[in-house]
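Novice: Residue numbers (UniProt numbering), protein chains in the order written: chain H, 1 to 329; chain R, 1 to 307.
Keep in mind the hints are simulated off the structure, nothing from the lab.
As the structure is a prediction and not an experimental result, all values here were calculated from the model.
Among the clues, some could well be false.
[What the hints assert, rightly or not] Lysine-lysine pairs mimicking DSBU-like chemistry, simulated, CA-CA at most 35 Å apart:
1. K83/H x K65/H
2. K126/R x K205/H
3. K209/R x K83/H
4. K205/H x K128/H
5. K214/R x K126/R
6. K65/H x K207/R
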Amino acid sequence: MAKDLVEFRNLETHFQTTAGTVKAVDNVSFIIREGETLCVVGESGCGKSVTAMSLMQLIESPPGKIVGGEILFEGEDLLKLSKREMSRIRGNQISMIFQEPMSSLNPVLTIGNQISEPLMLHMLLDRKAAKKRAIELINLVGISRPEKIFDSYPHELSGGMRQRIMIAIALSCDPKLLIADEPTTALDVTIQAQILDLMRDIKQKLNTSILLITHDLGVVAEMADYVVVMYAGKVIEEAPVLELFQDPQHPYTKGLLKAKPIINQKQERLYSIPGQVPNPIDLEDNCHFHDRCEFCMDICKVKQPPFRSHGKDTHKSACWLYEEEREVL
Amino acid sequence: MSADVMPITENKNTKAKAVDTPWKTAMRRFTRNKLAVIGFIMIVFMFILCFIGPLFSPHNLFDYSLKNKNLAPNGTYWLGTDKLGRDILLRMMLAGRISLLVGLVATCITVMIGATLGAVAGFYGKLVDNLIMRVADIFMALPSLPILIILGAVLSDLKVHPSSRIYYLMVIIGVLNWTTLARLVRGQILTLREQEFMQATEALGLKDKRKIFKHLLPNTIPVIIVAATLSVAGAILSESALSFLGIGVVPPTPSWGNMISAANNLIDFRKRPWLWIPPGMCILITSVAINLIGDGLRDALDPKTKK
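Assemble the whole structure, with the sequences as input and the hints as a guide.
Specialist: Have a look at this one:
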């Protein structure tokens, strides 16, 4: 098995609001291995992005704060690094692709300028070498006429091209980990497929690990090696991708899979999980999914289920359905 | 799984018609604005008059000849002479050099101080922002003319040589004007720094200095250009006012302001209008022209106006 690259250990990121504390990320642990694509799935507001932001330490503080846990990157705890050490890792060893390609590029600087920037900063290239490398990168992400694109401004490119440029910028310093925060959400379907192809291709070529955040299970099926399902700030299930699709354990995961349209199957209405994500302020110490769960039991309302494997080692979930303890209560 | 990624092929038709850069669009909008173009022509004319005109003058700045004093406009002296027999036209053109220079240099100083402080205040926020903006408030609360008069008087007291006095004046006018620009830039930066591309620069691990000067300030250039243009006119007017009051540019160095003040007695005012009308017209034309350009630029650089 490949080496561990990043390990989240009991990460807790909280936001202080006037209404109370929001535990956006609550005791989250998982591991990203080298050369592996890990997908984090979940509804809006379940803490996917905050987990990634915590890794990059881009949590706006205040109101946000990482209150506990560790994030080990190659054995080193990122949370203990100074601001300067952290900015040496950002963009260099860990880089990030954002959701909105339209607004993630600075409108007044040329594409070339923006790709060269991290090269000159982290790789200490001079302007000429940076330009050469930037043109290589533009080529790598599959845009023709890289010299021309080098001198264009973001508004002259389409959304798909801009997202490719974002990927080029993210890849500029050969990062070990690429975080993609819903990289295809703002793009139309054909471009989505191209971008995903591109990312998969790059992963193979450069052996980069990818942390892919998405709520699109189609994307997960296509990209992931390993899947982490989050709900209300907690990891509720994690498994290798095939396992998860074949044998989902948590009712929430089952619901997500049911809510996905299937080709060649006529359905009048798509299934949707009833109810909404609970109000994240001051959540009680129970299973946060209990009020939407069709298998809800008494114990679900009062006690949090432990997160562990039931059967296979690699497949873990947090649900009382699979625990013996419920009979005792 | 294909190893090669399908390249994006561009549509030749749409690309053949080159996409306008923001500057081209702004230029087109500006040239369509008649008043702005008139203003631009006027200011170019003033520059040519002041910087090239004197080269063709047969007269000398220090040609005193009392026998030619107070002549009305005629063939030799197109705009007449003053009470020391000096050519008004030549003095007016040379005065223009100084006034325009004061306007430009003072504005450069204003922009440098104002943009930097405004950007720093907006970027860091909190204590830094409070500190800088409260100082700006203090500057704004002080009425500028009395301050300028006091500083002018101090310069006179320090016996600063008339020729170097002009440089002090540029600095003083420039420094006193930074607040408006700082506020405008700060406001812009406050919204810009929340944009996603700034989060992206953070994710790239860029340094603060680079973020401010490379990524944020270029985005505020439209605001800076408009404010700077208008402040050129303001600086010229301040200089003229000070020189008129006798504490700006002092004779024998000519300036539009002190040329008018030379005509500040009733006889000169009523009987010899050639003493004060030409420099007065110059001030008027210059400041109107610059204001027209400023308004034109504001409309041209405003992304919301679709023309």
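Novice: I'd like to know which numbered hints this structure contradicts. Please list them from smallest to largest.
Specialist: 2
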